[in-house]
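Chains A and B, in that order, are what the protein sequence lines are. Position 29 of the first sequence, counting from 1, maps to 29 under the numbering used here, and the rest follow consecutively. Position 62 of the second sequence, counting from 1, maps to 62 under the numbering used here, and the rest follow consecutively.
Read the hints as simulated data drawn from the structure, not as lab findings. Predicted, not measured: the structure shown is a model, and the values here were computed from it. Fair warning: there could be bad hints in the mix.
Said to hold, decoys possible - Quick list of in silico lysine-lysine cross-link-like pairs, BS3-like style, CA-CA up to 27 Å:
1) A:Lys185 x A:Lys159
2) A:Lys189 x A:Lys89
3) A:Lys5 x B:Lys123
4) A:Lys189 x A:Lys164
5) B:Lys183 x A:Lys164
6) A:Lys4 x A:Lys108
7) A:Lys5 x A:Lys108
8) A:Lys164 x A:Lys77
9) B:Lys183 x B:Lys4
10) A:Lys165 x B:Lys183
11) B:Lys183 x A:Lys4
12) A:Lys165 x A:Lys189
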Amino acid sequence: MPLKKMLLSAALLGLFATLGTALVAYTYEYTHERIAQNERDALLRSLHAIIPSSRHDNDPVADSIEISDATWLGSNKPQQVYRARQQGKPVALALTAVAPDGYSDDIKLLIGINYDGTLAGVRVTAHAETPGLGDKIDEARSDWIHGFADRSLSNTTAKQWQVKKDGGVFDQFTGATVTPRAIVKAVRKALEYYQQHRDELFEAGEPPVQETGQETGHG
Amino acid sequence: MAEKSLRQITREGLWGNNVAFVQILGLCPLLAVSSNTINGLGLGLATLLTLVLTNTTVSAIRHLIRPDIRIPVFVMLIASIVTAIELTINAFFNELHAALGIFIPLIVTNCSVLGRAEAFASKNSIVRSLIDGLAMGLGFAIALTLLGAMREMLGAGTLFDQAHLMFGEGARALRLTVFADYKGFLLAILPPGAFIGLGLLIALKNLIDQQLERHHEAAMARQAETTGMASEAGQ
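Chain A extracted, bound-state conformation (with noise of 0.2 Å):
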């Protein structure tokens, strides 16, 4: 009797398992490919924001490479670069890189280089700072992140690329002196990379291969 209990107790387990496990695989199946569109339009989103489409005539997204350097991009992940081309002319590129010590974890960069060098534009893409103090860093919530715009390395000197508690030029919150400080810094060191790599980070990769689909509905 108690065997055949546990068998029949087992049976309802096993069954609610897989009810349950079909509820998720459904919907993840119903839903998957609308996230993934989602995270691909809002990577394109601050792709445009900071590189205009205007200025290239290529897809960035299809022309992109993956480079990995611990030291200056903040991860040993590799990163991405989307690669903007007027006729096939190098125009900007935008690299993912990562600020390892803000205030709680990783906070990822989108940071737009123009060909010169200076910054076209620099995005949070995702963060965890504290919500109402370091999170002004999020475009969404303060226009912080453009004071970026049009900064390079030699139109700022080494001792301006601080935030302003430091002696730079860089505002930081009240009550928030480390998250602005480690983007401050990861950017600097972004720039310096792009400045070491910038033909090989413009030649390297494949030829752009031309993608349907990805570039409908922008432009």
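Chain B: place on chain A using the hints.
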């Protein structure tokens, strides 16, 4: 045990047995996302949806499950339902997902969800469980929003900041500046502010309850007096 009426169930969820103020359950998400009104409201609504769905499902299968396996079954159901909700929000309300981020999967850890499944839905009919889920969820959402509003007002001097993350661009105008030129009060936004704020809100609720009781007692006494006088006059 007399069955509670639907009205009683609603009242308990919203006030008398409020998840946040009386049961003090679900503190992890409650304290983590209540740093502003909109985040509080967002997580509150997601929890409300979860509670309604889990309560209804648990109630629907309550005759099928045996007591010795009920907890693992509830946990599996809740986890699957929350995952499904998270995927759906990510797919169709991407902006909201960006704003609430990791807090949606955290609903699984909100013990009030399992608590209601165990304490109520496993013993009551579907309709009553649905109402209980609605009332409890709404009570929790209101508590979260209130705490969020309080912390945002004290911490940043605004209300409904970043409403556009949830309701679209048109909602940007909802933002209220309560104190112009406010310097900010850091403590209110940081985690200790959440504990202090929740403590103050619970104190306020208890104060209101006390006042109501005193009012009620006074009314009873007055009634007793007048009926007493009436019967004296009648003699």
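**Request:** Quickly compare the C-alpha distance for A:Lys5 and A:Lys108 to 27 Å and report which way the hint goes.
**Result:** Given pair A:Lys5, A:Lys108 is violated - Cα atoms ~53 Å apart, limit 27 Å.
**Message:** Between the alpha carbons of A:Lys164 and A:Lys77, is the straight-line distance 27 Å or under?
**Reply:** Cα-Cα ~31 Å, so violated.
**Prompt:** Does B:Lys183 pair with A:Lys4 here, judged by a C-alpha cut-off of 27 Å?
**Reply:** Outside the cut-off at roughly 69 Å; violated.
**Message:** So if I understand the rule, the pair passes when the alpha-carbon distance is 27 Å or less; does A:Lys189 with A:Lys89 pass?
**Reply:** holds, 25 Å
**Asked** Does the structure keep A:Lys189 and A:Lys164 at a Cα separation of 27 Å or less?
**Response** holds, 18 Å
**Request:** For the pair we were handed, A:Lys165 and B:Lys183, check the Cα-Cα distance against 27 Å.
**Result:** holds, 18 Å
**Asked** Holds or violated: are the alpha carbons of B:Lys183 and A:Lys164 at most 27 Å from each other?
**Response** holds, 19 Å
**Asked** Keeping to a limit of 27 Å between CA atoms, is the pair of A:Lys185 and A:Lys159 held or broken?
**Response** holds, 11 Å
**Request:** Verify the proposed pairing of A:Lys165 with A:Lys189, using a straight-line Cα cut of 27 Å.
**Result:** holds, 19 Å
**Message:** Does B:Lys4 sit within 27 Å of B:Lys183, going by the straight-line distance between their CA atoms?
**Reply:** violated, 49 Å
**Straight-line alpha-carbon gap A:Lys5 to B:Lys123, limit 27 Å** = Holds, at roughly 22 Å.
**Prompt:** Under the criterion that the straight-line Cα-Cα distance not exceed 27 Å, is the pair A:Lys4, A:Lys108 satisfied?
**Reply:** Answer violated: A:Lys4 to A:Lys108 is near 55 Å, above 27 Å.
Checked against the numbered hints given earlier, the structure breaks hints 6, 7, 8, 9, 11 and satisfies all the rest.
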